[in-house]
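4 protein chains.
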Amino acid sequence: MKEKVILAYSGGLDTTAIIPWLKENYDYDVVCVCINVGQGNELDGLEERAKLSGATKLYVENVVDEFVDDYVIPCVQANAVYENKYLLGTSMARPVIAKKLVEIARLESAVAICHGATGKGNDQVRFELGIKALAPDLKIIAPWRCNDTWKMQSREDEIQYCKEHGIDLPFSADNSYSRDRNLWHISHEGLELEDPAIEPNYDHLLVLSVSPQEAPNEGEYVTMTFENGIPISLNGEKMKASTIIEKLNELGGKHGIGIIDIVENRVVGMKSRGVYETPGGTILMEAHTQLEELILDRATLTVKKEMANKFADIVYEGKWFTPLREAVQAFIESTQQYVTGEVKFKLYKGNIIKAGTTSPYSLYSESLASFTTGELYDHHDAEGFINLFGLSLKVRAMKMAELSKNN
Amino acid sequence: MKEKVILAYSGGLDTTAIIPWLKENYDYDVVCVCINVGQGNELDGLEERAKLSGATKLYVENVVDEFVDDYVIPCVQANAVYENKYLLGTSMARPVIAKKLVEIARLESAVAICHGATGKGNDQVRFELGIKALAPDLKIIAPWRCNDTWKMQSREDEIQYCKEHGIDLPFSADNSYSRDRNLWHISHEGLELEDPAIEPNYDHLLVLSVSPQEAPNEGEYVTMTFENGIPISLNGEKMKASTIIEKLNELGGKHGIGIIDIVENRVVGMKSRGVYETPGGTILMEAHTQLEELILDRATLTVKKEMANKFADIVYEGKWFTPLREAVQAFIESTQQYVTGEVKFKLYKGNIIKAGTTSPYSLYSESLASFTTGELYDHHDAEGFINLFGLSLKVRAMKMAELSKNN
Amino acid sequence: MKEKVILAYSGGLDTTAIIPWLKENYDYDVVCVCINVGQGNELDGLEERAKLSGATKLYVENVVDEFVDDYVIPCVQANAVYENKYLLGTSMARPVIAKKLVEIARLESAVAICHGATGKGNDQVRFELGIKALAPDLKIIAPWRCNDTWKMQSREDEIQYCKEHGIDLPFSADNSYSRDRNLWHISHEGLELEDPAIEPNYDHLLVLSVSPQEAPNEGEYVTMTFENGIPISLNGEKMKASTIIEKLNELGGKHGIGIIDIVENRVVGMKSRGVYETPGGTILMEAHTQLEELILDRATLTVKKEMANKFADIVYEGKWFTPLREAVQAFIESTQQYVTGEVKFKLYKGNIIKAGTTSPYSLYSESLASFTTGELYDHHDAEGFINLFGLSLKVRAMKMAELSKNN
Amino acid sequence: MKEKVILAYSGGLDTTAIIPWLKENYDYDVVCVCINVGQGNELDGLEERAKLSGATKLYVENVVDEFVDDYVIPCVQANAVYENKYLLGTSMARPVIAKKLVEIARLESAVAICHGATGKGNDQVRFELGIKALAPDLKIIAPWRCNDTWKMQSREDEIQYCKEHGIDLPFSADNSYSRDRNLWHISHEGLELEDPAIEPNYDHLLVLSVSPQEAPNEGEYVTMTFENGIPISLNGEKMKASTIIEKLNELGGKHGIGIIDIVENRVVGMKSRGVYETPGGTILMEAHTQLEELILDRATLTVKKEMANKFADIVYEGKWFTPLREAVQAFIESTQQYVTGEVKFKLYKGNIIKAGTTSPYSLYSESLASFTTGELYDHHDAEGFINLFGLSLKVRAMKMAELSKNN
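Protein chains in written order, with the numbering used here: chain A, 1 to 407; chain B, 1 to 407; chain C, 1 to 407; chain D, 1 to 407.
Everything labelled a hint here was simulated from the structure, so no lab data went into it.
Note that this is a predicted model, so its numbers are computed, not measured.
Treat each hint with caution, since some may be false.
One copy or two, either will do: identical chains are not told apart, so a pair holds if it fits within one copy or between any two.
Capping the alpha-carbon separation at 30 Å, the derived lysine-lysine pairs in DSSO-like fashion look like this [what the hints assert, rightly or not]:
| hint | residue 1 | residue 2 |
| --- | --- | --- |
| 1 | LYS85 | LYS346 |
| 2 | LYS23 | LYS139 |
| 3 | LYS4 | LYS405 |
| 4 | LYS85 | LYS247 |
| 5 | LYS238 | LYS399 |
| 6 | LYS23 | LYS163 |
| 7 | LYS346 | LYS240 |
| 8 | LYS57 | LYS139 |
| 9 | LYS2 | LYS399 |
Here chain A stands alone, though its shape is the one from the complex (with noise of 0.2 Å):
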């Protein structure tokens, strides 16, 4: 009997040309998986494909919700977004993806792991490290790093190799931006956005959204509720949390929100120019922001922003499974204890704007926000805060005062 790889497959055409080539180069027989991490794809005739390029067998593993509530709520949770704008679609699906090709890897006791992501890029990194620290023991295979033996350079040649190899499928040659896709945003990259002078040609890219200029002239009105900063019901329905993504995604989308235009550091060195559309998650995260608002003290507020920061690096860079990554997420899980009310959003042609929110454990005041001086303030011990608080500024100033007379 062969030895087994586990083939990171998704039915396009990169992933179905790696079929025949691994077994060219490698004498392994070829296992599948298709994770859904709700990317929306055709899913029927998947197996036919996969058997018919010369795969021994096709999982198909649905993990929308340990996708939603394992990897995108902590985010959401930590307000983790890279880079100033990009709110880690991608990357936080990787690892999810890692942890299914591991354990079926594991069930088939397969030898190796195989994934079709460029040499270029950042995922690579983020399978790879998946892979590593659940199973440090299986092999990698990176056909696209393989210079000597992979010489497919584009839809062209991987069309032409599989025709050689007696795969026969109807596959476009026509090359469109490069997307990544799943319940939480699509990425595009390619064509007029390798040019960050260009403006994005969005009439034809975007896929989850219509520009704030085609969005609807009317508003719409959205409320959301979080419980220890988890989403709980969206229009006062209770809901899981992937269908609220998902129906916050139509929302979002049709008033044109959540586009972004960015050029990033990449985990491998150079800076690439993406749009990302991520309708939902974007009304998600100003929901959850906005709730933090009333419900954390500034000092917490200010050491979260930068777990914030370090979380997005992490995810970012595929490091999900360590020790740091947990250690950021108990900190934030942490803070996320009374993280509960409600939230009302106005959508409006790529706008979400703020219409009242509302915490049982709302630290805002009234009386104490307002002028008059109450049981709880009094206005004269601003003075000695004042004191206190610049007491170093004025012994400085005083010190400095004391030596220019001296001089």
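Fit chains B, C and D to the supplied structure of chain A, relying on the hints for placement.
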């Protein structure tokens, strides 16, 4: 001859009522100082009003350019944002005002400075820290904290008090929002904003801008050029930074840009809710951030984000005249050496849509970012990179596997 | 029946004098509470003394183990050090004392808590923040800040005041250092220490230890075992953490370990100079730090160092009972999961000399660290690593070279 | 005429063996460069040796003062310490060496630079990042990573290889510790140090210092003066920084100061164990830290500690010639403006005992620190300060109390 007190004077009811109060409670001559930081209020007749109210003298100082060049621009270069949203409009202006008050106090050989900030806000802290740092010997008088002598709690009280002291000026008793305005922004507090559950009444509230709903149906392009992180031209025309902000205020205001609704944590410990309009500033900060995307490397960007948060906290807390602000600013300035280039935006109903960024110092390389292997990047290098980048987590995984095998 | 005030009572002159002062200025029954955190003072006769001085009741609470387990150990796990040097001895103890005072206040249905900390120190802040967080309704009385009624400025004044109020106890008028002691440390302030230019008079000053010069000429080995970051045995013998500290105090004290001389920044804004003896704590912290060297990966260690600084600041500022302290502690605890192993030291005249560290979870691998190539490490990988690790700086250098060529 | 390669040459066996290897594997003339950073080795006869081994030319460059002034001093000003203990001795020297290699490469119009660092260490990273940043066009050759052509794995192999290529120089086959030395420190790796469970054999190992046990029984005072964070005199005598370090090395070495034993995390991902002697550097860093205690305010100190950690990481990782290092250094330099004053220590058997610190810019104020109330400090102010400092936690406690009452 009497000793003198310098009064930070706006011509409004609050600071006018302070004049007779100062004369009643202290044996000082009152020298009024009105610092113009672009608040756009009526300065005609101010001198007459001050004198009518009992002041000895009035200084009116236009410091708009100094305000912009020495206080606003460093915040733009830092991308300083307080608690995720607030562009520090009021905070930035306080130190330049404190500095001018001190300068005039020295000119007049005054012994005290008086300001009209309340005992619950941030501004008392900012004014007084500025004064302490620049003139530790000067006495500071804050009438609103003088529980024993300052008995006025409302506009009606103030008008009444003025009348009793022979000042019969036409102040309306109407209470509106509590506002602070300068070239960079206008803030609104009070009225319905005191309940964070309530959506702001934008029709009533907005001063510098219209809401996205009221903005034109056609977007409008704008280009800005920066040199060393400083804006130097707008739509192709060179102009000084204050003029750029002024013009961006018009553009941004017209397109509903830069309106935020926030619950923030004050220095003195309570949460408060405000709406801020920063139409031009929002565009300028976004342009600067975006230009940096092309130019700064990943590590610099990461640390700069942390420093931006610190800078924002320092400015918010009124600690402008401190060694820490100077040191953080030195860091920021060092990063701005190559932040030179052009940014193009489309403004549309509250949205700032990127329309292309260019810089001679761009680290973005199309050949590096695209999928092909070139001279600069060998795909195979990624394997070595990932192996070492993930070495410690692999070692850890192996150690854990070994331990669980032994147990 | 009178309302009650809880007085934090040590039996010393300062807190004894407060009893008649409280009775003179407030209409309260005074309930004294002496919290034993290992300060090692004489508790015999304390009840008699309290009652003689006018107290209604005395509680003596031994909380040494709670102090160690819930307050000291988290600081050890964090490696919390304030401003490079201070092991937080006094800071750690204040929250547990505040907690006990509040517990007894509730038991006694008291309406106020009184403490004898001065108006210039950190301890007032720590006590009061603890009380505010745990019992925001209780009144706090700090006699030393009551300028109008507390007229005693010296020990002589206090003795005189006691006598006038019928308390004739044998207090010496001798002023020595101002000290605070508990199981973890003793602090010294005052006398010659008030001038940082002067070397401390260690012969006069030291209580828990001898100076390195006076320590034995022979070193002594000590081993400690930790489990999850908690010390569990000393020299091979299992014992509870408080006993380990006690025994390490003897050992460290004997060998002149853990004496520091520091100028620190107080919360209330001024610098103060103190000498601290932390003989056992210094050894324990060092052992913990060292064990972590073997176990924590680089990224975790880096972030943990930042969190340690934050934890130290939080504890120093008396913000123990806050969400931020809880969240930071959650981070720390997560990192301690595998901090298990043994540390051996030689103690010699002020030096803690490492003599070997072992852990089942050590990430150190001799084969990896040595020069040979093994299965786990291909030297060639380093090339790929360096190429990508340095990619952005190379791209930048090329860009700059190109630009300077063109100019 | 052949193209040229620059070889970083020490005269030792390792780099000597590279000469014939380069000539065998590349068609280059070999130009040797020996950079003197104070490593104290024998430079006599070096030229003869290089030429005998096949080199075309030898440069010997004394850069000790440049090393100290431009690389060491910024680290002292930063108080840069890697992973709690390591004073960065080797890390500091690598960029200045890389810079000199590049300068000579330009002078000689060489096309490549070769170094003898192994494929497992940090130094390859540091050399190569330096070269990439300064001369991105130059080829880098690292023989120890050339698995295919570099077959020598031991000193015996190297001696044999040299002999085979006609180089008969007197190298001993004796393997000792692997060491790196410069003016600032000497590092030791290998032999018994490869097992962290084993106590170092200090009698065998130490080069610059004696162990505390062997140090004199009498302590010795030393004073240092700093100006703007730069050491300018020792024991009252003005001298340049490199001389101060040299003399402190003697003093520190004599008194057993600055020996550390550490398990550190290398950039390339594994842990390694080393012993470092930094006798003078340890004293100098301690003196600088201590002077800052008197001069820097609390907020500056806090941020500077974070920046010190970042600076240490940057230097350790070999990222000297980067915008981030420049920016962090700009921060540090800004803080050093007033770090001027004198520090006195007693050195005794491994201990650096503070014996007084003074500075014209000291923020320490005896009247402020002592218990009395003075002009500058009203004890009563502390009440207002604490009330606001603790306001948010009190508000939170009240909110929680209210909620639990209602439930």
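Between copies, within a copy, both or neither: which fits LYS346 and LYS240 at Cα up to 30 Å?
The answer is within: 22 Å in one copy meets 30 Å, while 38 Å across copies does not.
Up to 30 Å between alpha-carbons, please classify LYS2 paired with LYS399: within, between, both or neither.
Between copies only: 29 Å across, 81 Å inside.
Taking 30 Å as the upper bound on the Cα-Cα distance, should LYS23 and LYS139 be classified as within, between, both, or neither?
within (16 Å within a copy, 38 Å between copies)
Classify it for me, LYS23 with LYS163: is the Cα-Cα distance of at most 30 Å met within a copy, between copies, both or neither?
within (15 Å within a copy, 49 Å between copies)
Classify it for me, LYS4 with LYS405: is the Cα-Cα distance of at most 30 Å met within a copy, between copies, both or neither?
between (83 Å within a copy, 23 Å between copies)
Is it within a copy, between copies, both, or neither that the alpha carbon of LYS238 lies no farther than 30 Å from that of LYS399?
between (63 Å within a copy, 27 Å between copies)
Since the copies are identical, ignore which copy is meant and state whether LYS85 and LYS247 lie within 30 Å (CA to CA) inside a copy, between copies, both or neither.
Both: 22 Å inside a chain and 27 Å across chains, each within 30 Å.
Give the relationship of LYS57 and LYS139 under a CA distance limit of 30 Å: within one copy only, between copies only, both, or neither.
within (19 Å within a copy, 47 Å between copies)
Status of LYS346 relative to LYS85 across identical chains (alpha carbons, at most 30 Å):
Both, since 21 Å and 18 Å are each at most 30 Å.
Consistency note: the structure conflicts with none of the earlier hints.
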